[in-house]
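Participant: Take a look at the letters that make up each chain.
Number of protein chains: 4
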Amino acid sequence: MPHSGRHFLQIPGPTNTPLPVLAAIARPTIDHRGPEFQALAQSILADIGSVFGAAGPVVIYPASGTGAWEAALVNTLSPGDRVLMFETGWFATLWDRLARKLGLEPEFLEGDWRGGVEADRLEARLRADAGHEIRAVAVVHNETSTGVTSDIAAVRAAIDAANHPALLLVDTISSLGSVEFQHDEWGVDVTVAGSQKGLMLPPGLSFNAVSEKARAAAKSARLPRAFWEWEEILAANENGFFPYTPATNMLQGLRVALDMLAREGMDAVFARHKRAAAATRAAVAHWGLETQCRVDAEHSPSLTAVRLPEGHSADALRAEILERSNMSLGNGLGKLADKVFRIGHLGDFNDIAVTGVIAGVEAGLAARDIPHKPGGVEAALRSLAGNG
Amino acid sequence: MPHSGRHFLQIPGPTNTPLPVLAAIARPTIDHRGPEFQALAQSILADIGSVFGAAGPVVIYPASGTGAWEAALVNTLSPGDRVLMFETGWFATLWDRLARKLGLEPEFLEGDWRGGVEADRLEARLRADAGHEIRAVAVVHNETSTGVTSDIAAVRAAIDAANHPALLLVDTISSLGSVEFQHDEWGVDVTVAGSQKGLMLPPGLSFNAVSEKARAAAKSARLPRAFWEWEEILAANENGFFPYTPATNMLQGLRVALDMLAREGMDAVFARHKRAAAATRAAVAHWGLETQCRVDAEHSPSLTAVRLPEGHSADALRAEILERSNMSLGNGLGKLADKVFRIGHLGDFNDIAVTGVIAGVEAGLAARDIPHKPGGVEAALRSLAGNG
Amino acid sequence: MPHSGRHFLQIPGPTNTPLPVLAAIARPTIDHRGPEFQALAQSILADIGSVFGAAGPVVIYPASGTGAWEAALVNTLSPGDRVLMFETGWFATLWDRLARKLGLEPEFLEGDWRGGVEADRLEARLRADAGHEIRAVAVVHNETSTGVTSDIAAVRAAIDAANHPALLLVDTISSLGSVEFQHDEWGVDVTVAGSQKGLMLPPGLSFNAVSEKARAAAKSARLPRAFWEWEEILAANENGFFPYTPATNMLQGLRVALDMLAREGMDAVFARHKRAAAATRAAVAHWGLETQCRVDAEHSPSLTAVRLPEGHSADALRAEILERSNMSLGNGLGKLADKVFRIGHLGDFNDIAVTGVIAGVEAGLAARDIPHKPGGVEAALRSLAGNG
Amino acid sequence: MPHSGRHFLQIPGPTNTPLPVLAAIARPTIDHRGPEFQALAQSILADIGSVFGAAGPVVIYPASGTGAWEAALVNTLSPGDRVLMFETGWFATLWDRLARKLGLEPEFLEGDWRGGVEADRLEARLRADAGHEIRAVAVVHNETSTGVTSDIAAVRAAIDAANHPALLLVDTISSLGSVEFQHDEWGVDVTVAGSQKGLMLPPGLSFNAVSEKARAAAKSARLPRAFWEWEEILAANENGFFPYTPATNMLQGLRVALDMLAREGMDAVFARHKRAAAATRAAVAHWGLETQCRVDAEHSPSLTAVRLPEGHSADALRAEILERSNMSLGNGLGKLADKVFRIGHLGDFNDIAVTGVIAGVEAGLAARDIPHKPGGVEAALRSLAGNG
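Chains as they are written, first to last, in the working numbering: chain A, 637 to 1024; chain B, 637 to 1024; chain C, 637 to 1024; chain D, 637 to 1024.
Only chain A is shown next, with the shape it has when bound in the complex (with noise of 0.2 Å):
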């Protein structure tokens, strides 16, 4: 069936990107030995830490943000490292996969799916670690398989408490651009991130912000790296190239987006974010669903995951509305496969465009006879105007 409007691309990434950043992607490729290169790499250089609050160096891999997790580890740890996780969810426990895949030894802290990093476990495990045998804790800032924000700060918080050497790594795949996250302020050792989610890219390009604690902890780190080493691209960033071929057409975007990043001014980001995740909650309240994340404090500003009633599919759900109003929504991962659907509200997007996105999932909810109470969009309208 054609579909006449643009589509609205809801899942929690990639995000609809900026028309303008897509023209900047499009313009022919240029030289990445010559001079335009050069000035281009040396202005997202000098910004790019801005977004994270990072003062010093932000590595830029030509890599999607898989890449980034496995650049974080093999950067810093040696084969059989203890990294202490906690398990927020499907992309949580992807990063400890990946981690075992890479030859560590990470220790995952069960969790439920429903809340975030629980810093006072993570500080009683670390405080347990009297020989400073864990190397590391890995832990996922915003939860895009639940909807759920862990306290990064807290999470600092708790290791110090603990006393413990361990690195901190964060994952902001899902967060960064949308959600606020401060490098520098909340004590990160390595922060992962993706382009194709606050930052408004395409799928593509990946980043590791790293502290000099994380730096001098790269010098012995015995895992073996090549592609992901951070010291030749830091060293070639200092005249403003890269050691290998990087992406340049979508650095050409990253420009375009960081530029208007710093027009609205990061807190402005964060709070438009914050006004749609209410508004969206508003709605799903209103419908008397439930999210996913049950904990007040973390629900996510930047994408909601709703649980459907026992015996309703999500994806059916997520198939009707895709056929009906031409949105993609993100599906349920893992064990919340067909359980849950999550609604994207980040990145490039506005109040109005809150609005359809609910009355888009209340028509699919009306269509596939799920029980729920209409009025959505109201409750929506209503929580805008009262976050004016």
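Take the hints with a grain of salt, since some may be wrong.
One copy or two, it doesn't matter: identical chains are merged, so the pair holds either way.
[Stated by the list, open to error] SDA-like mimics (lysine to any residue), calculated; alpha carbons at most 25 Å apart, straight line:
| # | residue 1 | residue 2 |
| --- | --- | --- |
| 1 | Lys-910 | Ala-760 |
| 2 | Lys-849 | Asp-932 |
| 3 | Lys-849 | Glu-741 |
| 4 | Lys-971 | Glu-769 |
| 5 | Lys-910 | Gly-1011 |
| 6 | Lys-971 | Glu-865 |
| 7 | Lys-971 | Glu-868 |
| 8 | Lys-849 | Glu-959 |
Hints in this document: simulated from the structure, not taken from any laboratory.
Following the hints, complete the assembly by docking chains B, C and D onto the known chain A.
Facilitator: Structure of chains B, C and D alone, referenced to chain A:
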């Protein structure tokens, strides 16, 4: 203030151009005398008539819509000719003025800008014109200033009932490709249209669909004409070319737009616009506001003009909505300035967008303290659900 | 046959549109009655005059170039008015025909299509017109059919020498933005131009730069006009708007094109075109072929028309080159059909492109067994090197 | 200095991306877990093998080419494994270094950077390896630093002659889609490729075509791997998906690029590159300069590295050409720094562009007073004419 998310261009044209159409327009210009252009033009000339319901020729001008008004007149009429027109609103008024400037003598049947052409009054006037001094009846199908659609078949019937030989010239600038129109079936002699509304292109092309009778009239019509001359264009069109430089890139886009309309099917296109219009009016009625159109059968499927209560400024409301919601609405024109605002719901548009638009308007009404009953979005949603 | 590499559009217009201009045209259409458009239009209206060498107003039409010919005449003249024109080639002939169609009485001084306007003959005719029946002199600055540029300052001087009040109307469609032109300094009353040549846009905009004298003449001019009416447009322009829907997206592109011209500087632009033209003629001379222009001082900087030896088809050569080298050249027009081909070397063009074009032409000459001395590219290169 | 005309990106990759490919990349990102993406991925996965001459699977990474080097090694080898490599130039050297970093023990047969892989030396070494300690032979098909293409069929024959079980890994980063390559026929086990050369895309995708033997080896290979792991990707590919976020927009472009290659036909593509290379070498020879490649049968069809006479700076020449002619050429790498410059003649490229490139280089040689015999363009043209 920087805006996040895309702009909602909800003026009643130009409309939101689909990205594939913009991409086609952005392809490099081709040689307008070469074989690639020839194939492009031939395919367009073969297909364009289906949008008008016309088996005969459609003249394509590299000019915006006002030019096609002029073209319809200068090709068919002679200095001093009488033309019968009907005051449906601002655009009918402008066409009347244009006719006067060209040296014609239009007779403008007075209207109150709240309804369409009154066929019985036309018929009475034509019957009174025993000497057949009136050479043409020129009416606006969809009055963009008021949101009123006139019954063109009834106009035809009136002319026939009066047994009058006048040509029938119809402006479909804001209806073609959105509101049902049948050039042949309704016995229209010249249909005037533009690219920037239902055809979903930027402004820059305009059209005259012409009947045999109109071409015959052109032979004796003595208004001076050159750029607008039909016959030279139609002769060159025989081989897929134009007598002077056409708007090549716009034609590249038109090809894509015609494909999109054909894929959806004109009946589905018309139904989609009616759905959106009904939902919009449901919201307006719920708010307790009045539409400018006050004849039930004549509400336009492509736009709705909304009257504000005495003492409230429609322009201030529009400015508020532009600032707050990044949405452009149409202003009141002529004597409706600042008294009405106009919502375009035409072109590349879908249910979700309708909801967003209504939400944006309602937020503006609230912000400007314009008396209204909240809940317009739900009313619109109920309308959409009932018109599935 | 599929072609690799980009197409070389070397007709003498439309020209190769720079990618940033195409990208600007492909941005979404904006509200032509909103503040963003207003700012865009005001900046264009402030800058466009510099390309014409005009301090006064430039009227911008949403129409291709032929329309601006018509506009120049209908705004300044009355039915039956005499206009003195000069037969420089096909486009002068077309303008003459257009004037006749509009009800004027042009007097067409015969030319052989191999040189420019002969100012002395104009002067003689004007001196003979003691009663000042001639109301306008209308000439083509750069005759696109022959590659001949006329000396407009000399035309002005001739009118002045004859002490004649006729208006001076000049077509600069294929010279503006490529060949030096000075509307004010040369005392031109109406300059006619289009978007698709030196301004590096697709076809779809055209221009009239108008003098005070021309505006004064418009007050008493009685040719019917509406779409082309200057004063209504200029009045709306005062506030950055247009009286009817402008070609919004083309204006978005024009803004970028004007910036590109300003960055290069008009003098550098003119010098670049002269360089390319000299190199092209060096190749033509080396081949032993003849240019259509036979007056040394009058060779066009923007295109070169090349005559083929008797018995050879220019159109077959062009077809060969299109097939073989993916390059479009201009055809012979009117009585030059199949006898000449035209090389456009205007717009977004550089030295390397010149060489490629000459190479493509020479490969075609060889393939079609057209007698020529090989080595045209080297001749062009020597010319470029000598004009560094 | 502002440049007119398009930039000539004549580095040996990234290459000039065709506009339709850029347009496809600039389409909005789609849901990488939805049906539209699935259809896209399935069609690409069905077609991509034909470019490699591979009936088996091709793994597509959302990463640039260096990553695919790493992937080929980590999927097939274990820590401490011996790999036989051949020093064809800078990229062979980098691959050797990368292997070392990953914990392998490459044996690097010395070369002088002026010829290709010497199959007889490989064979001798493999024969001497009676214990089959060498687990893989890893060679560069087309050495981008020197413009030398190695005979991969001969390498295969050498391995077979030595009756050695080593895997054959081949880097085709600057040859795939430009220079004939036959993964299956030549018995290659892993072919490494990138998007930004013959595939005519920007950098950001890379590839491993894998043989059955390579997949079998992967089962016991013990280098840690996660992001680069073949089997997880191939398993997800079965249904048209990827295990982690793919570079969606690049895949949109890849679809268009594959269509362009198929339309031209791989044989025609290879022939076109050979033509351009022969013409380029004809010019170099005419100038009296030397190519870095000194083996006649091994000149690369995709790039030519040119040596400058002692005492002249290749980088200064390149800077001159960039400034003067808006053309980027490749620099000398490693020990060839400042001694050679490299002309890329690959990707979306045609005869006219060849000529322009040669002309631009010759103008630079003259400007920098580098001894050369003028007339390179004519020599190139004669070559092209003779290779029609």
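Participant: Which numbered conditions among the earlier hints are violated in the structure presented, ordered from lowest to highest?
Facilitator: 1, 2, 4, 8
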